[in-house]
Amino acid sequence: MINSALLNGWMYLYCAAALVFIGLYCILMRRNMLRLLIGLEIVSKGICLLIISGGYPHRLFLAQALVITVIVIEVCVMAIGLSLVIRAYEQSESIDIRTFSNLKG
Amino acid sequence: MFLFIFIGVPLAIAGFLPLISRVSRRLLPDFLSNLCFVLLLAASVSIFNLWPGAGRFSHNLQWFGSNLNLALALDGLNVLMLFTVSVVSLAVGLFSINYIDRYGSRAIYYAILLVLVASINGIILATDLFTMYIFIEAAGIASYGLVALGRTRNSTEGAFKYLILSGVASSFILSGIALIFIKTGTTGIREISMAKNSITELSLILFIAGFGLKCALVPFHFWMPDAYTAAPAVMPAMSSGIFVKTAGVYAICRVFFNVYGLTPAVSSVMVYLGVISILAGAFLALGQTRLRRMLAYSSISQVGYIILGLGIGTPLGIIGGLLHLFYHSIFKTLLFLNAGAVEYATGTDESVDLGGLGGRLPFSSGTNIIGLLSAAGVPPLNGFWSKLIIVIALIQVKMFLYAFIAIFASVVTLWYLLLIQRRVFFGKLKESLKQVVEVPFWMTFSMAALAFVCVWTGVVFASFISEWVLPAATVLLDGLKSSLNTFMIGG
Amino acid sequence: MTAFLLAGTMVFAALAVFLKDMLKAVICLLISSVFLGIIFFRLNAPFAGVFEISVVAGLIVVLFILTISLTGGQKSFVEPSISLPIFLVLFFIFSYVLFVGIFRSGPAEEPVSMVEEYSKIGEVLWMGRALDTVGQISVIFAGVFVLLCVVGRKRDDK
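Chains as they are written, first to last, in numbering that gives the first Met the number 0: chain A, 0 to 104; chain B, 0 to 490; chain C, 0 to 157.
Check the hints yourself; a few may be wrong.
[What the hints assert, rightly or not] Restraint-style ranges between C-beta atoms, simulated for each label pair:
(1) C:V96 / B:V377: 46 to 52 Å
(2) C:L147 / B:L469: 40 to 46 Å
(3) B:A11 / C:V88: 51 to 57 Å
(4) C:L147 / B:E349: 28 to 34 Å
FYI, nobody ran anything at the bench for these hints, they're computed from the structure. Predicted, not measured: the structure shown is a model, and the values here were computed from it. For glycine and all other residues, C-beta sits at the position ideal for the given N, C-alpha and C.
I would like the entire structure built from these sequences, with the hints used as guidance.
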């Protein structure tokens with residue numbers, strides 16, 4: 000509960016919030032497609048830290064089950080994202096997201 | 000056991016399809032998938048008949064003697080959503096028997112479609128916020144695959160942008176769930192609604208952002224036009240027809256009505272977002288020439304109507320919102336499938352290159368007229384009744400400006416849809432289109448069936464409301480207390 | 000010790016965003032994951048720690064390196080960025096706002112019991128939350144089929 004997270008240090012919560020911010024900044028401001036995926040991964044890390052630090056010490060098994068599931072989902076999403084990047088490179092020799100603006104307008 | 004077939008049967012068939020496709024490339028995948036969709040439709044109708052009309056049921060399964068806690072629950076809202084999902088998925092399944100000829104890899108396509116339907120049923124039947132999140136992610140992954148089916152450069156671009164934006168939305172939703180987990184130590188809907196003071200404001204903002212991205216509310220609508228134009232026509236039909244409704248609107252209903260309770264702050268936020276979506280979608284659709292892009296902006300506008308109706312909070316508003324949810328699934332799927340039929344027959348989507356197809360494609364033209372009259376709200380077709388109820392609900396709570404905006408946007412909808420109809424189907428036949436023939440049988444059959452449902456639900460709307468929509472609205476109006484009268488069924 | 004690990008996670012994650020060379024950025028992501036795994040171990044969550052290190056720092060980083068080599072090595076290009084002081088100011092403001100938002104109200108008034116409900120991790124995933132396991136199966140199916148579709152070649156069906 001939030002009592003326990005307070006007990007164990009506000010540091011965990013602050014670090015989770017900071018990781019989410021770093022990931023969102025990466026997604027907004029970077030042009031390389033692979034970096035967008037790195038940003039998505041960092042956001043997931045922040046949220047996993049939030050779940051585990053919030054579940055300490057009474058709900059650890061449930062928290063671990065949630066985190067394991069989130070990591071499995073992230074692996075699938077990353078795999079698909081990376082295969083799309085490979086196909087984008089095969090089709091147009093570039094992984095810069097700004098060159099893909101055919102669909103605007 | 001009965002509720003689990005909604006999730007279990009599509010997953011099982013999807014697992015076997017790539018193996019079966021070695022035996023028969025064409026017949027067996029078509030037949031098995033459409034049989035599965037017919038089975039789901041029959042199951043949802045029979046659940047509606049068996050269900051006593053009030054209360055909630057949970058299921059526990061026995062698996063080799065030990066009690067397997069599959070927490071599935073059914074109440075009025077779920078019955079309506081299951082029926083919507085099964086009707087739309089059957090129509091799309093029949094349509095794609097012929098449509099997927101152009102794209103190849105038929106078994107993989109049907110496998111992705113079945114996993115999508117199974118995950119959407121999972122979202123509806125789940126009793127736990129985190130389970131809902133898992134199935135939202137699974138359905139999202141399946142839709143990224145559907146966008147990327149085209150294997151052109153545009154589809155890869157659209158799929159990647161959709162993946163990133165939808166991934167950000169999912170992480171917002173997960174943060175909201177994590178915050179609730181920190182405060183209450185659990186993620187089940189029933190337990191959270193019983194604990195008081197269980198949500199922070201940050202959690203609410205994160206949920207609105209996350210679910211708003213999933214259902215393309217303004218200002219979170221950026222992915223929808225790009226993803227819908229780059230995909231084969233079945234993807235917008237499935238996505239706008241059921242995925243946006245389920246992962247967006249249904250999830251908003253569950254969280255904001257059953258978990259948190261509808262406070263005036265949340266209600267006003269929903270009303271504002273709804274009105275802005277209606278206006279922005281309607282005006283942005285005016286200048287479009289590509290058929291699917293215009294329909295995507297029209298979708299944004301209509302989802303605004305649904306959120307507006309639900310956000311009002313009065314019984315009439317909620318009934319109007321839920322009715323528009325069901326009707327919009329029907330007619331928007333019909334319009335997208337028509338756009339797909341036009342593209343199949345002529346090879347292009349751009350309305351500047353088309354013209355005068357009414358003579359060559361009579362079925363598509365006729366069903367398109369029915370679809371657009373429903374979307375614009377012309378009596379006695381179905382769109383008229385749902386929009387009328389929403390406008391009456393707005394007048395009841397004295398929001399006259401919003402009622403005027405709703406009626407005005409309805410007129411604008413009629414205008415741009417008629418414009419496209421005139422450009423594509425009426426007028427002179429262009430030289431390059433002289434060889435166009437009518438689309439094959441299964442595509443016309445599914446379009447005609449959807450058009451028939453449009454007309455029929457418009458005519459019998461009163462009994463439809465009282466039997467299907469009223470129990471669903473009761474669930475939402477009960478709010479926090481609706482999870483308390485839960486019956487347990489073994490077995 | 001905990002502060003050092005948390006700071007290490009944040010610093011390496013920030014490095015993964017800012018380094019120009021993609022390969023070095025992915026290695027920083029790996030180190031950040033290892034730090035996070037050690038934090039999980041110290042919080043008495045060994046299963047989550049094992050998963051984090053083996054899957055994120057193992058599988059995902061390997062997939063990234065594979066993709067980098069398949070997309071032409073390490074061509075880097077000019078990317079827009081704001082200067083470092085502005086980034087640090089925004090960083091502190093934004094994460095402080097998020098942090099206060101998490102902190103704001105106290106615990107729920109009727110909190111669920113303070114005793115651990117489950118005794119083993121297998122019990123949670125199989126007995127307590129079996130529908131989650133079905134959900135994971137559908138996620139994996141969806142991932143496999145979409146990968147088959149994206150990577151495969153177009154075939155004509157007769």
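Comparing the hints with the structure gives:
A beta carbon spacing of about 48 Å between C:V96 and B:V377 agrees with the range 46 to 52 Å that was offered as a hint. For C:L147 and B:L469, the hinted distance range of 40 to 46 Å is satisfied, since their beta carbons lie about 44 Å from each other. Hint check: B:A11 to C:V88, Cβ distance near 55 Å, so the stated range 51 to 57 Å holds. Remark: the range hint 28 to 34 Å for C:L147 to B:E349 is upheld by a beta-carbon distance near 32 Å.
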